[in-house]
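Residue numbers (numbering that gives the first Met the number 0), protein chains in the order written: chain B, 0 to 154; chain E, 0 to 154; chain Y, 0 to 118; chain V, 0 to 118.
Read the hints as simulated data drawn from the structure, not as lab findings.
A portion of the hints provided could be inaccurate.
In silico EDC-like cross-links for lysine to aspartate or glutamate, where the CA-CA straight-line distance does not exceed 16 Å [as the list claims (entries may be wrong)]:
#, chain 1, residue 1, chain 2, residue 2
1, B, K72, E, D107
2, Y, K93, B, E114
3, V, K102, E, E87
What follows is a set of in silico ranges between Cβ atoms, one per label pair, in the way DEER data are often shown [unchecked claim]:
#, chain 1, residue 1, chain 2, residue 2, range
4, B, R84, V, K33, 43 to 53 Å
5, E, E114, B, E139, 29 to 39 Å
6, E, T98, B, A100, 53 to 63 Å
7, V, S5, B, D150, 31 to 41 Å
8, E, N136, B, G118, 48 to 58 Å
Positions of the beta carbon are idealized from the N, C-alpha and C atoms, including for glycine.
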Amino acid sequence: MKTDKSLSVEQRKEQRVELRLPSKLGFEKIAMQTAASYAAILGLAPDRVEDLKTAVAEACINAIEHGNHGDEKVVVGVILTIDHRRLEVKVLDHGSGITHAVLPPDIDKKMLGEEDPRGMGMFLIEALVDEVEWVSNPPEGSYARLVIYLDREKR
Amino acid sequence: MKTDKSLSVEQRKEQRVELRLPSKLGFEKIAMQTAASYAAILGLAPDRVEDLKTAVAEACINAIEHGNHGDEKVVVGVILTIDHRRLEVKVLDHGSGITHAVLPPDIDKKMLGEEDPRGMGMFLIEALVDEVEWVSNPPEGSYARLVIYLDREKR
Amino acid sequence: MQSETSVKVEQLKTAAAAQVAVLRFHGDITSTSKAAVLDAYRGLPAGTGRIVLDFSKVDYLNSSGIAILIQLLMEGHKTSQSIHSFGLSAHFQKVFAMVGITKYTHLYPDEPTALASFA
Amino acid sequence: MQSETSVKVEQLKTAAAAQVAVLRFHGDITSTSKAAVLDAYRGLPAGTGRIVLDFSKVDYLNSSGIAILIQLLMEGHKTSQSIHSFGLSAHFQKVFAMVGITKYTHLYPDEPTALASFA
Ligand SMILES: Nc1ncnc2c1ncn2[C@@H]1O[C@H](COP(=O)(O)OP(=O)(O)O)[C@@H](O)[C@H]1O
Ligand SMILES: Nc1ncnc2c1ncn2[C@@H]1O[C@H](COP(=O)(O)OP(=O)(O)O)[C@@H](O)[C@H]1O
């Protein structure tokens, strides 16, 4: 067998799960399901699993579209870990990351055509998870780090 | 960012998806969901998605239990690819693999206590997918390679 | 890619004999759904005043899909159409409220309520 | 680990006034379910002759779980109990047939049929 070099024997942290996807829109649905079943196994409440699914999907879409510019050969990484009942999801891309602040959508402006109808992904991520951080470290890449608390009521 | 070294920029094949799990029973459910959503995206019929889910779960259970001896720090790898409408799943462990043939369960013998009630995983995998291969290559590890055809009717 | 959007258009009359166009979405609503969603909407007969959006068969909805719905609602708002929605999960009802589009389409628990509530 | 197995035991009478014990499984049936499944079964009153297994609330079933069911069926077979099952998805009906255990528990489409079909 030509062993996949990247499949290291030892993991740094227990219960760590990693996923890699091609940068192709639609594949964020895989990350969504992977994260959902990880969270369900750890006992996250069903409504919070839904929050996590949407947040992970939006982070992956951004990694695919903005970070990796839709180049299917470039990988989006998703790393799931649990520590002190905090579920963490890192979504990694190979772009230069985010420089601006997250703005909440102004629906009235959107309705008047004064604001792009898009631009809600980061806002939704912030609204749905308990902690979020965007880290950029070119040329290595960037990531969004989402944290959801297992013991917190719904948002 | 301390970039995960193993997250390589280039993938060898388009639409390749990789998953790594700790060797902990229960985590095969994540592989099952990841494979299911990959297959659904590619258009596999829902009843064949169910076949794939059971086959992937059983292969992961074997990798966890027999290949990696339930050592949570050791990784089970799952690699999903598609080629010529053949969906391939490789389930990798760090054990020495399989030496014996797959025997169909004899339910009457099991009922009489003459055969272990267990020992149906490999049989089910063979019965549910279109192709299966067990490859061992110590000390690097072993893998089960399952193939399901997108255009084939149910088993 | 599976789960392409399809939209079925139906013309119904409410109990009060009001004419309503129902757009029934199937599959995913994402960035690739623009033509399917907006073409179905724009293909409604001129003068359509009451519209119901049926989300009960939608598998997956993301922010790019919501952006398309905002475009639809924007066009409807300009022509003073009344647009009701139903069939969203509790989660997506929350997401619609977070984004603010519940200001432009009221969410109803089911089809009869969505139909009955036209003025 | 979530989705531990739980088993609810009910005593019912069929239309023909036959006494039936129903084991309703909830959650996953896997290698960790052995005590839950077999304790519930072994806790049935002595002389129980008719048993129904309700799989309709089972989320996940794997070969180790099936091995536990085989043990249950083995014990039932020894004491000539009649064991009917219902609530399996089409997929798991197929899996049960592949493994051969449909020889020892007949699968019914729903609870009324499973109950009605006791001799
Ligand atoms: N992973 C990323 N890498 C680089 N830029 C990003 C990333 N995610 C978001 N952005 C930037 O932030 C903007 C806002 O993102 P978002 O709120 O998700 O809305 P949208 O993706 O619809 O534009 C994007 O248009 C992009 O410029
Ligand atoms: N990945 C693996 N690595 C090493 N041995 C394996 C592996 N998978 C299966 N085996 C061997 O094959 C046997 C039969 O496996 P299986 O049919 O799945 O039943 P069970 O796991 O219930 O014993 C196992 O008991 C084990 O000895």
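List of violated hint numbers, smallest to largest: 1, 2, 3, 4, 5 and 7
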